[in-house]
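Q: Here the protein sequences come in this chain order: F and P.
Mapping the first sequence onto our numbering, position 103 (from 1) lands on 103, and the numbers just tick up by one.
Mapping the second sequence onto our numbering, position 191 (from 1) lands on 191, and the numbers just tick up by one.
Among the clues, some could well be false.
[Claimed, not checked] Covered by chain P, according to a simulated footprint, are these stretches of chain F (three or more residues, beta-carbon under 8 angstroms):
#1 18-25
#2 60-66
#3 125-137
If you are wondering where the hints come from, they were derived from the structure by calculation, not from laboratory data.
These figures come from a predicted structure and were not determined experimentally.
The C-beta atom is built at its ideal place from N, Cα and C for all residues, glycine as well.
2 protein chains.
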Amino acid sequence: MSNRFEIRVAGSGGQGVILAAVILGEAAALHSDTLNSVQSQAYGPEARGGAAKSEVIYDTAPIDYPKATSPNFQLILTQKACDSYIGDTAKGATVILDDIFVTEIPQIDGQIYHLPIVRTAREKIGREIVVNMVALGTAARFLEEKKLLAPSAIKQTILARVPKGTEELNAKAFDEGYSIMDEALKKQPLK
Amino acid sequence: MSNRFEIRVAGSGGQGVILAAVILGEAAALHSDTLNSVQSQAYGPEARGGAAKSEVIYDTAPIDYPKATSPNFQLILTQKACDSYIGDTAKGATVILDDIFVTEIPQIDGQIYHLPIVRTAREKIGREIVVNMVALGTAARFLEEKKLLAPSAIKQTILARVPKGTEELNAKAFDEGYSIMDEALKKQPLK
C-alpha cells in the first residue's frame, strides 16, 4: 500500500532550505522502520531569481516519482516562495508560513499556521542563520502530530549533520521551533 | 533536444557526497545559460547500512525523470559504494575511484581513473573532511573536458556554500583535485 506524503520547504537562497529537506529525508531513512524517503531539488532558469525550494517524499512503499506534485505539507519562509509554490498545495494540506516574511496569506483548502520562525531565530537565538533549524522544529511537531516521524529522529539527524561546536545552538533553535508549533496546535488543532 | 547527462557521487556517510552533488546541481543552475539540473538522494532501508549516493542530472531540455538510471559519470569513494553502484554505469561512461578506499577495480565499458582523493585531503590538505572538495575538483576538470561546465562555476558555488572562514581550505582542496585529474587526463585522455 502506498502512503505517499509530500513535503516542500521553500524560501530564499541562504535560508538553508536544502539542508532542512536533506535532514527530513535522512531522519526518516535512519530512524523510521517503515518509511522510505527521497529528497530532491530542481534548478531551472528561475534558480537565478531567488525562490528556492527543496522537496522530500515519504512513503511506506518504494518511491517511483521523487518530485512533489501536490505537497501535503509546506514550510514557506518568504513571500516570493509563497507566491511561486502555494498553487499546487494538496487539498487538506498543512502550510506553515513565516510571519514576517510572508505577509499576504493565501487562500487554500487546508490549514495555515503563521508562525514567528525568522523572528525566533533573530530574537530568541540571536542568529538568523538558524532559521532552518527553527523551521525544522515546527515541522517536527507537525510530523509528530501526523504520526509520521518522532521529533527525536529529526533532532538526532540535525546533531549528526551540523558542524562540530554548533550542536547546542542548533538544538536550541530546533527546540524553540518545536515549542512554537506546539503552542499553535493548542490554539488550532489539526483537523 | 535532450542532452541528458547523469552524474552520481557515492561513498560513505560523512564523506559529504550530498553536499558535493548539491554543489554540482547549483553550479549548473547558476552559472550555465543552457543547463537545467535536478539533484536528488533516495533513502531506503539500505541507508542504514553505509553506502551513500547522491545524483545530479544535467539536461538542456527540461528534466522529467530526476533519478540516474545509467550514470555517464560516477565519482566513487568507497569499495562498498563501488560494489553497490557500479552496475548500472552507462556504456562509455567515466568513473573516478578513490585509490585507497576502492581497491578492487571493476570492469566497465568505459574509462576508469583511480585517483588519490582521500590521500590528498589527508596528506596535502591535512583535513580529511575536505575529501568531497577534492572530489569536486576532479569532477570539475572532467566536466570542463566534456564542455559541460566551467570549473569556475563549481568553485564559485563552493565558495558561496561553505561556512565562512573555511573558504581558503575548501578552495585549496578543490584546486588540488583539479590538478590530480588534469594530470590523469594528460596520461590517459578521454576517448
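Q: Compare the structure with each hint and give your call.
A: Structure-based check of all given hints:
| no. | hint | result |
| --- | --- | --- |
| 1 | 18-25 | holds (count 3) |
| 2 | 60-66 | holds (count 3) |
| 3 | 125-137 | violated (count 0) |
Hint 3 from the list above is the single one not met by this structure.
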